[in-house]
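There are 2 protein chains.
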Amino acid sequence: MNFPSNLFNSHSKKDGDFFLGMKKILGFKPKNLEIFQKAFVHRSANRKDKEGNPMNYERLEFLGDAMLGAIISKHLYNKVPGGDEGYLTKMRSKIVSREHLNELGKDLRLIDYVESKIPKSRFGDNIHGNVFEALVGAIYLDRGYKYCDKFISEKVIAPYVDIEQLEGKVISYKSLVIEWCQKQKKSFNFDVYEDTGNDTVKHFAVKLTIADKIVAKARATSKKKAEERASKRAYFALQDKMKES
Amino acid sequence: MNFPSNLFNSHSKKDGDFFLGMKKILGFKPKNLEIFQKAFVHRSANRKDKEGNPMNYERLEFLGDAMLGAIISKHLYNKVPGGDEGYLTKMRSKIVSREHLNELGKDLRLIDYVESKIPKSRFGDNIHGNVFEALVGAIYLDRGYKYCDKFISEKVIAPYVDIEQLEGKVISYKSLVIEWCQKQKKSFNFDVYEDTGNDTVKHFAVKLTIADKIVAKARATSKKKAEERASKRAYFALQDKMKES
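Read top to bottom, the protein sequences are chains H and U. Be aware that the first sequence starts at 1, since it is given in full-length UniProt numbering, and climbs by one per residue. Be aware that the second sequence starts at 1, since it is given in full-length UniProt numbering, and climbs by one per residue.
Isolated chain H, as found in the complex:
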């Protein structure tokens, strides 16, 4: 048989790159790489599995959506002991809203791995959230509930789930941080610069300096978002100090 000589090498190279990319996103090594590959196959690719069933991320998305709902519910249950069923339900739907999941998927740059016949520029925003859900489904199948819980805690709960902000009690962390600096007579500076890197979409990076010390960095698709994100990080880092004052 005449295989092109670089077939296996190029295949391994591609798998190797994918493995490293996943490891970085997940924070752990994937065991069964095939499961994760499936999480990025768009239906337009028209892939089939060995049994002839369509192979794309949609089934994993179904699974991931349900796991995400359960894990977010568990966190809310523990985090808000005084919230009744209605409150918990409302908070959960804010956290797992389409918009929020799309943002998560974008931040992890999941679209870079998507396999499709449609040009990526023609996808709507929902591809980001859908692939994020599929990734959660893949984590569950590959490593079980605990890894899934850990991933969601680190990637969804810690950076995004702030009950006070979700409740609308805190509108802007930037203004909280500025107020605090002014009250404390400390200088502050938001150093914003373009940092698109390998992204297709323009990105901005922010360094937030308070009293000549860098207290937080952040990166997002708009200046405003990046500033707000850095402020939020600074807010939590400085929280104890701010509460004292």
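Any given hint could be a false lead.
[Said to hold, decoys possible] Straight line, CA to CA, 30 Å or less: simulated DSS-like cross-link-like pairs of lysine-lysine:
no. : chain 1 : residue 1 : chain 2 : residue 2
1   : H       : K23       : U       : K90
2   : H       : K23       : U       : K146
3   : U       : K29       : H       : K31
4   : H       : K155      : H       : K174
5   : U       : K94       : U       : K224
6   : U       : K155      : U       : K174
7   : H       : K90       : U       : K94
8   : H       : K90       : U       : K29
9   : H       : K79       : U       : K23
10  : U       : K183      : U       : K202
11  : U       : K150      : H       : K79
12  : H       : K185      : H       : K79
13  : H       : K155      : H       : K207
14  : H       : K202      : H       : K185
15  : H       : K185      : H       : K207
16  : H       : K24       : U       : K225
17  : H       : K146      : U       : K29
18  : U       : K120      : H       : K29
19  : U       : K23       : U       : K146
20  : U       : K146      : U       : K29
21  : H       : K146      : U       : K120
22  : U       : K174      : U       : K29
23  : H       : K79       : U       : K50
24  : H       : K79       : U       : K31
25  : H       : K146      : U       : K79
26  : U       : K146      : H       : K90
27  : U       : K90       : H       : K94
28  : H       : K14       : H       : K120
29  : H       : K31       : U       : K79
30  : U       : K79       : H       : K79
These are computed hints drawn from the structure, not numbers from a lab.
Guided by the hints, dock chain U onto chain H, whose structure is given.
Leaving out everything else, chain U in the frame of chain H:
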């Protein structure tokens, strides 16, 4: 202080009875009995926890509902490799339908443990399903995901989730069993009798005999349901035999 002398005894006795009841329902020993007790407190009881928050099963119901959704999704994902996202979603909503959950709660006689100020006879049907969901939430908190999965597999998936019947491919197990008996020229008999036991609602029990051998028993709130349930059990017990013929 003048405690009534039997206070602690009667309290322990009540807890002991509850513990045994739970152990029977769950199939394992509850660790933290308080969590399970909470799963049966109706809001009308007006109970508060130490922090003054309302204490009833509604928060556990929120948690259990989400866990149930995730675990059922996982089972469907594994059980139906050829089903697409739309199919899986449809099947899941049939399994976790209000009606289905009410039936589950009734079969486990969960209402016997409900604490409320409203007479139980005045509750609608949904109390059964709501308490069932709260129980799932309590299992999660007490023992974690794996026990939750095991409980749902044994109590929901095994006896109730039959993809073919959910899809409407099998309308009646009773007719399948009768057909088979007639084809095989075997005698059969559905022996139905009233067996209300300690229930408030009338119940019927069925013994299904094929060729003078009891092959299945079942119990339900109507004759028809009990016969169908016994037939389903017989069908699965006899499945290999039936497929051969």
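Hints, verified against the model:
In summary, the hint linking K23 of chain H to K90 of chain U is not supported, as the alpha carbons are separated by about 34 Å, beyond the 30 Å threshold. This hinted pair checks out: K23 of chain H and K146 of chain U have alpha carbons roughly 26 Å apart, not beyond 30 Å. Under the criterion of a C-alpha separation no larger than 30 Å, the hint pairing K29 of chain U with K31 of chain H is inconsistent with the structure, at around 34 Å. Taking the CA atoms of K155 of chain H and K174 of chain H, the gap is near 22 Å; set against the 30 Å cutoff, the hint holds.
For the hint linking K94 of chain U to K224 of chain U, the alpha-carbon distance of about 21 Å falls within 30 Å, and the restraint holds. Among the hinted pairs, K155 of chain U with K174 of chain U is consistent with the structure: their alpha-carbon atoms are about 22 Å apart, no more than 30 Å. With a C-alpha separation of about 24 Å, the suggested pairing of K90 of chain H with K94 of chain U holds against the 30 Å cut-off. A threshold of 30 Å between alpha carbons decides the hint, and for K90 of chain H with K29 of chain U the separation of about 34 Å lies outside it, so the pair is violated.
For a cut-off of 30 Å, the pair hint linking K79 of chain H to K23 of chain U stands: about 29 Å separates their Cα positions. Of the pairs offered as hints, the one joining K183 of chain U and K202 of chain U is violated, with about 35 Å between alpha carbons and a cut-off of 30 Å exceeded. Distance check on the hinted pair: K150 of chain U and K79 of chain H sit about 26 Å apart at the alpha-carbon level, within 30 Å; holds. Between K185 of chain H and K79 of chain H the alpha-carbon distance is near 34 Å, which puts this suggested pair outside the 30 Å criterion.
Among the hinted pairs, K155 of chain H with K207 of chain H is consistent with the structure: their alpha-carbon atoms are about 21 Å apart, no more than 30 Å. With a C-alpha separation of about 35 Å, the suggested pairing of K202 of chain H with K185 of chain H is violated against the 30 Å cut-off. At most 30 Å may separate the alpha-carbon atoms for a hinted pair to count; K185 of chain H and K207 of chain H meet this at roughly 20 Å. Simply put, K24 of chain H and K225 of chain U have alpha-carbon atoms about 54 Å apart, too far for the 30 Å limit, and the pair is violated.
Distance hint between K146 of chain H and K29 of chain U is fulfilled; the C-alpha atoms sit about 23 Å from each other, no more than 30 Å. For the suggested pair K120 of chain U and K29 of chain H, the alpha carbons sit about 53 Å apart, so the restraint of at most 30 Å is broken. Among the hinted pairs, K23 of chain U with K146 of chain U is consistent with the structure: their alpha-carbon atoms are about 17 Å apart, no more than 30 Å. Distance restraint check for K146 of chain U and K29 of chain U: the Cα-Cα separation of roughly 14 Å lies within the 30 Å cut-off, and the hinted pair is therefore satisfied.
Simply put, K146 of chain H and K120 of chain U have alpha-carbon atoms about 39 Å apart, too far for the 30 Å limit, and the pair is violated. Of the pairs offered as hints, the one joining K174 of chain U and K29 of chain U is violated, with about 36 Å between alpha carbons and a cut-off of 30 Å exceeded. A hinted pair counts as satisfied when its Cα atoms are at most 30 Å apart, and K79 of chain H with K50 of chain U qualifies at roughly 17 Å. Between the alpha carbons of K79 of chain H and K31 of chain U the distance comes to roughly 22 Å, so the proposed pair stays at or under 30 Å and holds.
For the given pair, K146 of chain H sits about 22 Å from K79 of chain U by alpha-carbon distance, which is consistent with the 30 Å threshold. Taking the CA atoms of K146 of chain U and K90 of chain H, the gap is about 27 Å. The hint holds against a cut of 30 Å. Distance hint between K90 of chain U and K94 of chain H is fulfilled; the C-alpha atoms sit about 24 Å from each other, no more than 30 Å. At most 30 Å may separate the alpha-carbon atoms for a hinted pair to count; K14 of chain H and K120 of chain H meet this at roughly 19 Å.
For a cut-off of 30 Å, the pair hint linking K31 of chain H to K79 of chain U stands: about 22 Å separates their Cα positions. Note on K79 of chain U and K79 of chain H: the hinted pairing is violated, with a Cα-Cα distance of about 34 Å set against a maximum of 30 Å.
This entry does not satisfy hints 1, 3, 8, 10, 12, 14, 16, 18, 21, 22, 30, going by the numbered hints stated previously.
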